[in-house]
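Could you slot chain B onto chain A? The hints should help.
The chain contents come next:
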Amino acid sequence: MTPPTRPLFCATPAPFRLAGVALSLLAEGALWWAAERTLIVADLHLEKGSSFARRGMLLPPYDTGATLARLAALAVRLEPARIIALGDSFHDRRGAERLAAADRETLVGLTAAAEWIWIAGNHDPEPPEGVGGWATSELAIGPLHVRHEPRAGALPGEIAGHLHPAARVAARGRSLRRRCFAADPHRLVLPAFGAYAGGLNVLDPAFSTLFRGRAFHAWVCGAETVHPVAAARLLAG
Amino acid sequence: MTAQPQPAAADRLLPGRFLDWFARRGWAPRPHQIAMLEKAADGRSVLLIAPTGAGKTLAGFLPSLVALAERPPADTRRGPHTLYISPLKALAVDIARNLETPAREMALPIAIETRTGDTPAHKRQRQREKPPDILLTTPEQLALLLSLPDADRFFGDLDTVIFDELHALVTTKRGDLLALGLARLRRLRPHLRTVGLSATVSEPDDLRLWLVGQTAGAPAALADLVTAPAGAKPEITVLDSVNRVPWAGHTTVYATDEIYAAIKAAKMTLVFVNTRSQAERTFAELWRVNEDALPIALHHGSLEVGQRRRVEAAMAAGTLRAVVATSTLDLGIDWGDVDLVIHVGAPKGASRLAQRIGRANHRLDEPSRALLVPSNRFEAMECRAALEASAAGVQDTERPLPGALDVLAQHVLGMACAAPFDAVALHDEIVSAAPYRALDWETFERVVDFVATGGYALRAYERYAKIRRGADGLWRITHPRIAQQYRLNVGTIVEAPHVKVRLASRRGGGPLRPSARVLGEVEEYFVETLSPGDTFLFAGTVLRFEGMRDNDALATRTADEQPKVPAYAGGKFPLSTHLAAGVRAMLADPDKWSALPEQVADWLRLQGEVSVLPGGDELLVETFPRGNRFYMVAYSFEGRLAHQTLGMLLTRRLERARLSPIGFVANDYALAVWALGDLGAAFAAGRPAIGALFDADMLGDDLEAWMAESYLLKRSFRTCAIISGLVERRHPGEEKTGRQMTVSTDLVYDVLRSHEPDHILLRATWADAARGLLDIRRLSDMLSRIEGRIVHQRLDRISPLAVPAMLEIGKEAVAGADPDLMLREEADDLIREAMGEAPA
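Protein chains in written order, with the UniProt record's numbering: chain A, 1 to 237; chain B, 1 to 840.
If you are wondering where the hints come from, they were derived from the structure by calculation, not from laboratory data.
Owing to the predicted nature of the structure, the values given are computational and were not obtained by experimental measurement.
Any given hint might turn out to be false.
The following label-pair restraints were derived from C-beta to C-beta distances [as the list claims (entries may be wrong)]:
no. : chain 1 : residue 1 : chain 2 : residue 2 : range
1   : A       : Glu79     : B       : Ala438    : 38 to 46 Å
2   : A       : Ala215    : B       : Val518    : 31 to 39 Å
3   : B       : Gln484    : A       : Val108    : 38 to 46 Å
4   : A       : Gly142    : B       : Arg626    : 32 to 40 Å
5   : B       : Arg777    : A       : Ser208    : 44 to 52 Å
6   : A       : Ser208    : B       : Asp602    : 53 to 61 Å
7   : B       : Arg124    : A       : Pro205    : 39 to 47 Å
8   : A       : Ser208    : B       : Glu598    : 56 to 64 Å
9   : B       : Pro295    : A       : Arg151    : 41 to 49 Å
10  : A       : Arg37     : B       : Ser505    : 38 to 46 Å
11  : B       : Ile493    : A       : Trp134    : 24 to 32 Å
12  : A       : Arg17     : B       : Asp701    : 41 to 49 Å
Think of the CB as a built atom: it goes at the ideal place given N, C-alpha and C, for glycine as much as any other residue.
Just chain A, with the same shape it has in the complex:
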């Protein structure tokens, strides 16, 4: 007898509408804009492991490889025409220099296969050199504005990262913390995509200036799909 398995590679995206544009929230923690064949990922924090290693914490040096492998798998599946890395793509300014040869190869392959855009983040204000792609601090595509750090009072249609949203959901006497998208009909904050990028609870005050009165949903990343949960039902911590 074989154990009941769940399909591994056909995670169901959750449809989501922002400023009238139809988008898909992927359980992998990425955003897919099918009409534009555009894939958006936030906060890769590549080379975070080696950044810590420099300070004496010898974290496993596999985070960059793991993050890029997940991204590459998405690219193979979706065949995007454009990939936007929403800032904090490298954990520090020297990150790109420390890329291992194999990881550099993967990254260069990704930036060559589609139009690749580096949005500047606070960890990486300058674009990485020698790995392809072009850089900008912000981008407007149709009615949507793409930037690293969300702005209080931004026009409707903002897509941002930076905050690493995570949500804690309780049921059946225990709780579960997962990465999530934080969203209301006007704004979407993406979860961090990087393997070592932690999460900040969406109930943290950092979110309350963006989403007034907790009138927003956490779209929680599960194994198969993304589950919307109203902020009022979430737990702290």
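Frame of chain A; chain B shown alone:
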């Protein structure tokens, strides 16, 4: 081995002023004190087992006091002669105070000082320059001292090391670190003498082995043993309540009046409980009935330190009538004239009970008095078993396990901080420590590699190495900063992340205003289960959780009397194997039931009529339908941790047998599993046979597969990552708390497991979880014990014995539920509730 009193021995071994001092006090040296002097004269290391109140501490120190009193003065600086290591800071301070009395009264020229984490930096610096003759300290401070470049000079005059409460140390990672430190001390001082002190130990040889250096390939070396005669047997009674003993749960509300009456009749009572929430509950209940306004206080580890110190001072001053306490008051220190110990809830272990009862009446010739108050019917049996074990003098302390590898990694770095090391010599030194005597060279090499560069197959961090081997073949730290980092993070005590509970107020419906008042700390995971508005008991009052702010949990006082969140976190200590066997034997033998409260005996008789009672070495498994579900209850008595592991593994098997298990609950006595499939019918038809379901092979692949996913393993990994130095608690110049750790060890775990599953730190994590949170050894012992002895009883409805476990369903977290299913249910529920509100 018991010491024979030698009338002339005291005169021969004790100098005149000691004999005079004893005489002035009206004492005679006790035989075990004399025996300790004789062992010292022969240069022998020794384990002293003596009951509380037998003058154990003096016996341990007497040889050192005599040697120091007789030592000719030196004109050069001398290092400490005697080192005393205790598991508690407070105990070290207390012992120092107790030693100063004889030293002063005999005018001995002996400097006695303590050194703990609380000792100010200038005093520590001074101690290094001008060491005391007797230094009382903790395992962490010893590790720190040994990592200093002048460790060999500092310990150059060391003669004796005394380990207090040794049984409590050896089963922990602190004990592992201490054993490694002792191995280093022995290398610095080959003729070092060790003294172990303990009141309760099940296997003295484990401790005797620990105390002396081991040699590879040679038979185990043991320290000598001195045993003091036991004191008067304690008078223990189990409360036979006039009220109904609850079927299940962990409260003793039913017995509050009786507990109060006992307190009232005694002079000073210690009320021991197993968990913090029980302490809060019992304290609140006692004050509810406290008509005479007796001074009754509360003491547990989560309370603010100042408040705890005030309670301790009041106890010592004799101004309290009772203190409700958790294990924070288990060890060592004399707080006052306690004449009664009440144990609320079952004691979980015979030695644990003995230790706690020892807190009452520190005089050998008078019996201590104790009252056991079971909180449910199984506990009534357990209390009875504990009472019998106590009468028989049984000890059931845990046995030490092989040394942990994360601790070894910390030690290796510490040794590199002290001086460049040769790997072969360091390995030889380490395997002389009992917990590491079986450490093979290859594992040791991997640990050194881990300390150096992380030990990854992908050798990415050579340039960031912490230690490096030089051309001379010696390993040394690459930068002085590494030593600084090591010293900031030394030690093996890793607290679960805590948050402060801060009192807040809201005046006249205004905004919430945090106050400066911190009531104490609770585990982060507890706060995570709270929603704003939930009420819970803390620091003796009902509080309303308002939310998190700046890493503090804000709470307001509320008039509610009943907290909504019961917050029973299971006790840390599972039922001991010995008491479990006692309970099983009691169940199997109706002749023994007369010793139980009548209502408990009735309950067992009813069980015998409706179902069966299992024989002493049998496992009873009952199945019955209820509602639209099918239940299975296994009465295995192996403790909550082992049962939880068993529950996880059984549900995996039942899932494969397509019986659709939904969840399970585990307590110390039994495991209940429920499913959509008819479990009873399936077992009867052999699909699967009950024997196959409980087959020990579940500890193979199933366990591996489940453990890899388990959050329990992530918890263990966090501990190992911190102890081994992979992540830091504190970085020079920054103070980090557990909450603010800049990288999530859960994420690191996921990455490491998928890329290098056989990494040395994952091995350490596995060993840690197996010995701690999963209790695999015990589960494995049980599975082999019950093989071929499983009694499956198919019932139409729930049996009396099953009721306690069934009552816990719904109260306890349901383990084993699929997290994604849980998420979906939560989401669906919401979508139904707020249709159209969700932006979809």
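Structure-based check of each hint:
no.	hint	in the structure
1	A:Glu79 - B:Ala438: 38 to 46 Å	violated (56 Å)
2	A:Ala215 - B:Val518: 31 to 39 Å	holds (33 Å)
3	B:Gln484 - A:Val108: 38 to 46 Å	holds (40 Å)
4	A:Gly142 - B:Arg626: 32 to 40 Å	violated (58 Å)
5	B:Arg777 - A:Ser208: 44 to 52 Å	holds (49 Å)
6	A:Ser208 - B:Asp602: 53 to 61 Å	holds (59 Å)
7	B:Arg124 - A:Pro205: 39 to 47 Å	holds (40 Å)
8	A:Ser208 - B:Glu598: 56 to 64 Å	holds (60 Å)
9	B:Pro295 - A:Arg151: 41 to 49 Å	violated (59 Å)
10	A:Arg37 - B:Ser505: 38 to 46 Å	violated (56 Å)
11	B:Ile493 - A:Trp134: 24 to 32 Å	violated (51 Å)
12	A:Arg17 - B:Asp701: 41 to 49 Å	holds (46 Å)
In summary, the numbered hints that this structure violates are 1, 4, 9, 10 and 11.
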